[in-house]
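Asker: Could you slot chain B onto chain A? The hints should help.
Going line by line, the protein sequences match chains A and B. Residues 1 to 623 (our numbering) make up the first sequence, in order. Residues 624 to 1012 (our numbering) make up the second sequence, in order.
One thing to keep in mind: the hints can contain errors.
Claimed, not checked - Output of the computed footprint for chain A on chain B, the stretches with three or more beta carbons under 8 Å from beta carbons of chain A:
(1) 882-894
(2) 905-913
(3) 948-959
These are calculated hints, taken from the structure and not from any lab test. For each residue, glycine too, the CB sits at the ideal point set by N, CA and C.
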Amino acid sequence: MPAIELSKAPQPSFTDPAQIRNFCIIAHIDHGKSTLADRMLQITEVVDSRNMRAQYLDRMDIERERGITIKSQAVRLPWRSAYDNQEYILNMIDTPGHVDFTYEVSRSLAACEGAVLLVDCAQGIEAQTLANLYLAMENNLTIIPVLNKIDLPAAQPEKFAEELAKLIGCQPEDCLRVSGKTGMGVEVLLNEIVKQIPHPVGDPAAPARALIFDSVYDSYRGVVTYVRVVDGHLSTRDQIQMMSTGVRHEMLEVGVISPEPVPSKGLGVGEVGYLITGVKDVRQSRVGDTVTNYHRPATQQLSGYKDPRPMVYSGLFPLEGSDYPLLREALDKLQLNDAALVYEPESSAALGFGFRCGFLGLLHMEIVRERLEREAGLSLISTAPSVVYSVTDGDGKELVVTNPSEFPEGKIMEVKEPIVRATILAPSEFIGTIMELCQQRRGTLLGMDYLSEDRVEIRYTLPLAEIVFDFFDQLKSRTRGYASLDYEPIGEEAGDLVKVDILLQSEKVDAFSAIVHRDKAYAYGMSMTVKLRELIPRQQFEVPIQAAIGGKIIARETIRAIRKDVLAKCYGGDISRKRKLLEKQKEGKKRMKMVGRVEVPQEAFIAALSTGEESSDEKDKKK
Amino acid sequence: MEARADHLAFYIHIPYCVKRCGYCDFNTYTPAELQIQSSLEVISNDYIDLLVQEITKSAEVSEAKFVPSIFFGGGTPTLMQPSDLGRVIAAIKSHYTLTDDCEITIEANPDTVSLAMLSQLLEVGFNRISFGMQSALPHVLAVLDRTHNPDNVEKAVLAARSAGFKEVSVDLIYGTPGESMEDWELTLDTALALPVTHISAYALIVEDGTKLAARVKRGEIVIPDDDETADKYILADNKFRSAGLDWYELSNWSKPGSECKHNLFYWYGENWWGAGPGAHSHINGRRWWNVKHPATYKEKILSTGDPTQDSEILSAIEREEERLLLNIRLPRGIQRASLNAEQLAKLLPFVESGHLSKELWEAGQVTLTQNGRLLADKIVRDALTESLL
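Okay, chain A solo, but in the shape it has when bound:
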């Protein structure tokens, strides 16, 4: 058997870099990455079949359910290559598969010398995969193209081999064919990894430098930091230093994942493993940072460290006001494991006390919300997502606005909004539809290329705010789910943007304010006022609902006063019936919020704020 018994395999800390291969798998959600990883674990016998379970490496329920990887993983796989009968150590570095986590992906890629490009041969490459492929190519990684799900009846390996060959500049026959499900071709793939991917190169005598490519909070052990050693050596009991902050830590444990943590004496050049320092907060051990030896520090950081910068903001409010302290606790806990999550207290006249939270993107936002609800048992209302605007007011003062309520009143000189470069892959029959959608969303066409005869890559610049709204949802529904999207921020641009307020009986409802393009202000105002007219029950007085830009009303609806709410008859036997009915009605009445004099049911807020996101959530889950 080409598998090697663990105790006889090359040991961590003492492995010759020439025996090491570091690789990652680039794949779209659903294209079978986790299943392929499962087979690799089995074939290399690091997990025996008795302990095997599906999606072995996905740690969170959310990851398993939604088939996405949120955090990366690194597994040490001993392997004897059938080509030369030599022993090797393969480090498989799992990468997050979503555009929100592009930075994390880039750090995982930076820890590898090669990448397996895994594509479902019934579906072809998707936009996010393409983006990650380009990222890998920019990092000079060796790419091994692999067609998965070769066992499917709908498989079209020839067609998609052509596509891959064209993308990476190889021959179609260079594409390996595997089935993660049956294990077919997986041994060959492992041998090819050994053969094609270069081994790591570093200076064992130099001061230690290791790249942090992931950082995970564990409630028992504190923060577990995943690193790839570039130069030198890391050992237990070393004092280490984070180069971006200069902070010193005691190293309590070093080890490798195989696929459970196994402590070792240390990690040498090219090795991938974990460190435990007793730190309690992932923000002290950040992805992209360089770990060095405190007493013998390196002078030069590894390149590429960035602070995660939130792209999308939203207010999170507990449905029950009394849950506010619970929400704070849950956010504090989540932040231990999520350095990209930022939040600060916010109070809304309509929704009470909550937090303004910053996220890397919509998926990140969704995942955070879902984890808060699931892990802390909270029911939350989230306000419409907003991007980060730079607003210059009448006095020439520049403000960063992440919440419509911070938008200055009065004269505005300029508003700048974030712009992204979006890549859409789709069957060519949808070109017209996609261009129409992008045009509606203030997009500018950058270019278009055919990937194959009937598949096309379309590139646009778009305001991020347009994507955040319901772009993905629209794209999916207009292309019957065939289009895929990726985007990356490319800067800011000035836009004719205004804040639209929604007023109930002349009182502003802060939760419904939005910053939108002037051309769309009227449509937003109309849709909100109409929606609210349907959602808010009639009150004993007439309730005007208005949409306004500053002092100017742009849309108006009216909830007519309720005329009749009485049961005509009330005789002997009706009395207890009436009292019981009253008590029953009370039960349903609890969740009302007062906006001025207007009683607004909680559900109205939820429904009015879920502008198309609900359905995009559903689609995300399916995709």
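Answerer: Using the frame of chain A, we list chain B on its own:
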């Protein structure tokens, strides 16, 4: 207001009808439903015996001496022989003292009365009669499934007057599917042209389990919207007032002094005894109700003498709730002084919106205006009882 402990009003339930109307969910039975072959006369005689037994029982339980009102409802009380109905009144008289102004009412179907019968009713003690008119329009009556000929209402009312009834009332229903505003106006004018001293007018309630509810569910007929029904209420109230009939409860209007006392006892929280299947009773904060089916009722009366199905003792909060939800329906309303600060604060917007009389509010009284009467339940829920629960 505390109930007068030595007074007890009687409600006598007659659970029989020749035919069940489509909107009716009352506890009443047709001979076909009861699967009996015997004539109504035989039923009548037997049934009255049971009522007499329950009345005898009441005298053992109640400490009351005086009876200020007896009300025969149904069902169709006029299906019983006047002499049989008289036996009930006599039974009450044998255990209690009728007050000098004791009101004795019978509900009547305009089709089933004759001058002779009306005279007999007066003879056995009745002094007030209430006819189920509902509408002057045959097409509206047809939707309600009422069988009477609208012309018979006038005949019946005139007959009652000439027989000697001083207090004559008609019941009306508005908001029936297919009833236009003009239809309703015609019904109102027809009723007001009659020599009546009292009118009850109810917005139609589609009760679950009725034939009407099934037809609405199937989409055969459409319930008019609440705004239109509200307009009909306003029209009725205006017309009644112009004709000298003032509201003394949300759905009841009368000439001065012709208010139905029996109704008022319910709303004032007085004590009353309901006799017959499914009848409800109330004495000093305890409510109970009898078994519903006539056969079960008979069996209970004959075996244990007690036909009670269940009872409840009202908590202080429940009594307060009832006080509020009943009194708000009356022109005298509720004393502001009897309410707490939270209730008053919640009522204030209704004063501002014109649903509570501002003038009376300032005089210390919580009283519904014409528009306010249409929102009585909302006011009870949102302002009066929220802080109690």
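Asker: Per the coverage rule (Cβ-Cβ under 8 Å, at least three residues), is the region 948-959 of chain B covered by chain A?
Answerer: Per the Cβ count (3), the hint holds.
Asker: Per the coverage rule (Cβ-Cβ under 8 Å, at least three residues), is the region 882-894 of chain B covered by chain A?
Answerer: Result for this restraint: holds, n = 3.
Asker: Taking 8 Å as the C-beta cutoff, is the stated coverage of the region 905-913 of chain B by chain A satisfied by three or more residues?
Answerer: holds (count 3)
When the structure is compared with the earlier hints, no violation turns up for any of them.
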